[in-house]
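Trainee: Taken in order, these protein sequences are the chains called P and R.
Note that the working numbering gives residue 7 to position 7 of the first sequence, counting from 1, and the numbers run on in steps of one.
Note that the working numbering gives residue 232 to position 232 of the second sequence, counting from 1, and the numbers run on in steps of one.
Keep in mind that the hints were calculated from the coordinates and are not lab data.
Some hints could be false.
Just so you have them, the derived chain P footprint on chain R, three or more residues with Cβ under 8 Å [what the hints assert, rightly or not]:
1) 56–64
2) 157–164
Some chain R residues judged to face chain P by a derived CB distance under 10 Å, without partners named [unchecked claim]:
3) Thr98
4) Glu99
5) Thr104
6) Gly291
7) Gln292
The C-beta atom is built at its ideal place from N, Cα and C for all residues, glycine as well.
These are the residues of each chain, in order.
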Amino acid sequence: MRDGISMARLGIPAVALVTEDFWPQGNFVAQSLGMPTVPRVQLPHPVAGTGEANLQRVAGEIVTRVVECFSPPA
Amino acid sequence: MSELLEAVDEAAALEELHNLGCTDGLPVVIPTPARVQRMILAAGQDGDMVLGEMGPGMGIATVEKVATAAVMAGCLPDYMPLVLAAVQGVLDPVFDLTEMQATTHCTAPLIIVNGPARHTCGPVASGFGALGPGHRANASIGRALRLAMINIGGGRPGSADMALLGHPGKFTYCLAEDEENSPFAPLHVDLGFAPDDSVVTVIGAEAPHSVLYSGDADDPEDADKLLGQLAEGLANMATNNAILTGGSAVVVLNPEHAQILSGQNMNRTQITRRLWELTHQPVARLQRYGGQFSAWLDGDASTLTQYPVFPQPENILVMMAGGSGLYSMVMPSWSAGAHRNSPVSVRVETGQFCEIPG
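Just chain P, with the same shape it has in the complex (with noise of 0.2 Å):
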C-alpha cells in the first residue's frame, strides 16, 4: 500500500496489490498516510511461495480489477 500511495504521489498511475490478511492493514496505512482511497485490488492470502501456477490463477482473476482501477470512470 505505502509503495501504491508512493508512485501515486510521483503522478505515476498505481494500483497497490493488498493480500486479504492484510487489508486491514493495508485500509489504516492508507488513511494514516492521507490517501484512504488509493486504488487497490484484494488478493487471496498467502501469494508467495504458492507456485508459478497458483500465481497465474490468481493473476488471471485480478486482471481485470486492475485495469479497472486504471480506466477512467464511466
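With chain P's structure known, arrange chain R on it following the hints.
Mentor: Just chain R, lined up with the frame of chain P:
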C-alpha cells in the same frame, strides 16, 4: 493538548483504555492530567515539543504524548530522559520504525543504556535477570516505548503491527551494560561517545537466545570456541540475518564469557572481527534454504563458497550484562528495511531533567 477521556473512576478508565486498544493487554496506570504533567515536568521540556512523526499511523510524538505512555507504563519521573531518548532513537529515519512496526517478523526495539544515566535515571539493571521481571526501570522504560509505538504510531496487532507471532520483548526490552564489571570499554565509548555521556542505543531485535559455553582455562582454544558458539546462535540458517544478510545484531556477554575473551587480550574490535568471520555461512546452505532470497548469488557472487552474514564486524554489537555463569545471549534481527535494521544511538539529555519530589 491531547484529547481527554472521561470515566467515573480508575477501574472504568482502565476498561475503556483496554477497549480502545490503548494498552498492551496488561493493566496500565491511568494517565490523568496531573500524572502526565508531573512526568512532563520531570522531562524539563515543553509538553508540546515535537520529537517526530511515528509510523505507521504517522502520529505526532510530542513530549506530552510520550509522557502519557511513560505514566501508563509505570515509569518513575526519573526515567523520563531515558524514555525520551529511546523514542528519539526509534524516530530516527535510519531506524525504519514504520516498516519495522508493520513487518511480519517478530522484531522489537531493544533498548541498551550506557553511561551515568544507568544510575541517575534508573537504576537500570545490568546484572542477574536484567531482561527478566523484577526491575522496575527496565520493565517500565521498555514498556513506555511500546505504549508509545501503539498509541502514537498505531502499531496494534493484526491491523498495523503484522508480526505473525511477536515475542515477549514486545512488552518491554531494556537493559543496561554492566560497565563497572566489564573488562571492555563501554559500548557507547566504542560507538564514539565520551565516557561521561549517557547513551541509549536502540536496535530492532529478536527475542534473546541463550548460548551455552563452559569455559576451560587450560584450553588454548577456549576463546575461539566461545566465539564459535556465539556465532552459531547469532547467525544460524534459520535467522533473517543469515538468509537476508546485511543487518545488525547483538551479543550480550555474561561476565565469565567476557573474562574468557579479555583473558586472551581481545578487545571489542577483535571480538567483533572474529565473530564476523565465524558467522560466514556456506553459499550452498543459502542456496538450499534461502529460496528467492538467494537470488543475489546469481551474478558475480556465483563463484563464492562462503558469504558474510554481516556486512562488517561493526554490525555486531557486543556488550556485557547478566549474572556470572555459563550463559550469554544473542539477539539476531529483522535485517530488513531501507537501512537494514540499523542500530541508533542517542545521547541522553539529562541537563534538562527536573527532579520531582514525592
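Trainee: Which hint numbers doesn't this structure obey?
Mentor: Hint check: nothing fails, all pass.
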